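Visitor: Protein sequence lines correspond, in order, to chains A and B. Going by our numbering, the residue at position 85 of the first sequence is 465; the numbering climbs one at a time, nothing skipped. Going by our numbering, the residue at position 31 of the second sequence is 742; the numbering climbs one at a time, nothing skipped.
Don't read these hints as lab results, they were simulated from the structure. Here the structure is a predicted model, which means the values were calculated and not measured. Among the clues, some could well be false.
[As the list claims (entries may be wrong)] Just the calculated beta-carbon pair ranges, DEER-fashion: (1) 499(A) / 725(B): 50 to 58 Å; (2) 542(A) / 823(B): 42 to 50 Å; (3) 546(A) / 905(B): 56 to 64 Å; (4) 488(A) / 768(B): 45 to 53 Å; (5) 873(B) / 577(A): 36 to 44 Å.
Glycine residues also receive a C-beta, built at the ideal position from the N, C-alpha and C atoms.
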Amino acid sequence: MNYLADVRALARKDLLLELRARDTLPAMLLFVVATFVVFHFALPAGSSKLAASGLLWVAIVFTALLGLGRAFVPEREQRVFDGLVLAPCDRSAIWLAKSIATLAFLVAAEVVALPVFALFFHGLRASTVAGVALADLGICAVGTFVGATAVVTRARDLLMPLLFLPLAIPLIIGGVGASVVAAPGRYLGFLALYDALFALLCWASFEYVVTE
Amino acid sequence: MIEAHALGKRFGEKRVLRGVDLELPRGGFAVVTGPNGSGKTTLLRICAGLAIPSEGRLDVDATRAQIGYLGHEPLVYRELTSLENLELYGRLYRVPERRERIGMLLERFGLWDVRHERVATYSRGMTQRLALCRVLLHDPTLLVLDEPYTALDAAGAQLLDEQLRELRGERTFLVSTHDPAHVESLATVRLALAA
Chain A
381 MNYLADVRAL ARKDLLLELR ARDTLPAMLL FVVATFVVFH FALPAGSSKL AASGLLWVAI
441 VFTALLGLGR AFVPEREQRV FDGLVLAPCD RSAIWLAKSI ATLAFLVAAE VVALPVFALF
501 FHGLRASTVA GVALADLGIC AVGTFVGATA VVTRARDLLM PLLFLPLAIP LIIGGVGASV
561 VAAPGRYLGF LALYDALFAL LCWASFEYVV TE
Chain B
712 MIEAHALGKR FGEKRVLRGV DLELPRGGFA VVTGPNGSGK TTLLRICAGL AIPSEGRLDV
772 DATRAQIGYL GHEPLVYREL TSLENLELYG RLYRVPERRE RIGMLLERFG LWDVRHERVA
832 TYSRGMTQRL ALCRVLLHDP TLLVLDEPYT ALDAAGAQLL DEQLRELRGE RTFLVSTHDP
892 AHVESLATVR LALAA
């Protein structure tokens, strides 16, 4: 119970910081909507649903990357990471809380982005929404872990996409698959498996990335 | 409380701490001095559990919950109020009677009237006072203080002097400073690091 209380306190702090600073969610929203507008005019008329589905996933991954890149900014700029690491709570609670907060921002951006996508392109299938929901979990779990690894390095802005994008490829494969095939169960199962496996790995190894 | 033998730390090829021996018994007060770059901060970070030594042996008889660490940075969120910052740390450290303890510390360090204001609006000295509140919040048995008098005005420094005198003997202190005058009379162990 203490673990969950720690996660709640830390996630609440992240949401409060965003509510005050308002620098992550508006940027994600603007980026994803602007991307759809650009794609809408860039894609030739009569482009296939397959191409549009691919664009949706490109937009989601890069929007998430924008949010993930800012996830540890308060800790980095104000050097608060030491304070959290020193606290006697399980250090994985820091990862879990940050993942939850980032997930909240990503979902909030998608609540606006998905209807915009449906409006500009070819509508949305239920399996696409399910795929996005499952991919969000994996993106935030892995992205937060990578963000914590990158935050202590000088080349963090370069390192974050370099580490994250290769790890996100299975999510894109699963997400696009769930969006375009007639029977998406296999792809949704693959996304769920990725989420479970990588969340477990990140949870278990977070302790080692936050110690000098 | 702290026993270090031939302690060293490297960052890649760069050696920042070499061959440090320290024996600090429970209730002792160690003052670490040395010029810039001598490894004072690294030593304190290692003793606080924030860094792992590259060589030597270190025994610190305190859990994370029993250590209070004051670094060069205040380790508080600038967009939160002092009350919100201390509430967060109070929860993470499971401080009993948290509200009362936070209120008492804010009162003592002269921050009660600004407790609902964001730390971003504080002066450097007020932020340092808040950092001291954070360090003392969970009543640690080992206090690791890196340049604690930084940015404090005369009143703030006097407050800290009183606090250190009050806790001396009951708690164990490891303090680094460029200006040992404040803590010289309290020291039971002195460690001078060379550049």
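Visitor: Please go over all the hints and tell whether each is borne out by the structure.
Guide: Here's how the hints hold up against the structure:
no.: 1; hint: 499(A) / 725(B): 50 to 58 Å; in the structure: holds, 56 Å
no.: 2; hint: 542(A) / 823(B): 42 to 50 Å; in the structure: holds, 48 Å
no.: 3; hint: 546(A) / 905(B): 56 to 64 Å; in the structure: violated, 46 Å
no.: 4; hint: 488(A) / 768(B): 45 to 53 Å; in the structure: holds, 50 Å
no.: 5; hint: 873(B) / 577(A): 36 to 44 Å; in the structure: violated, 55 Å
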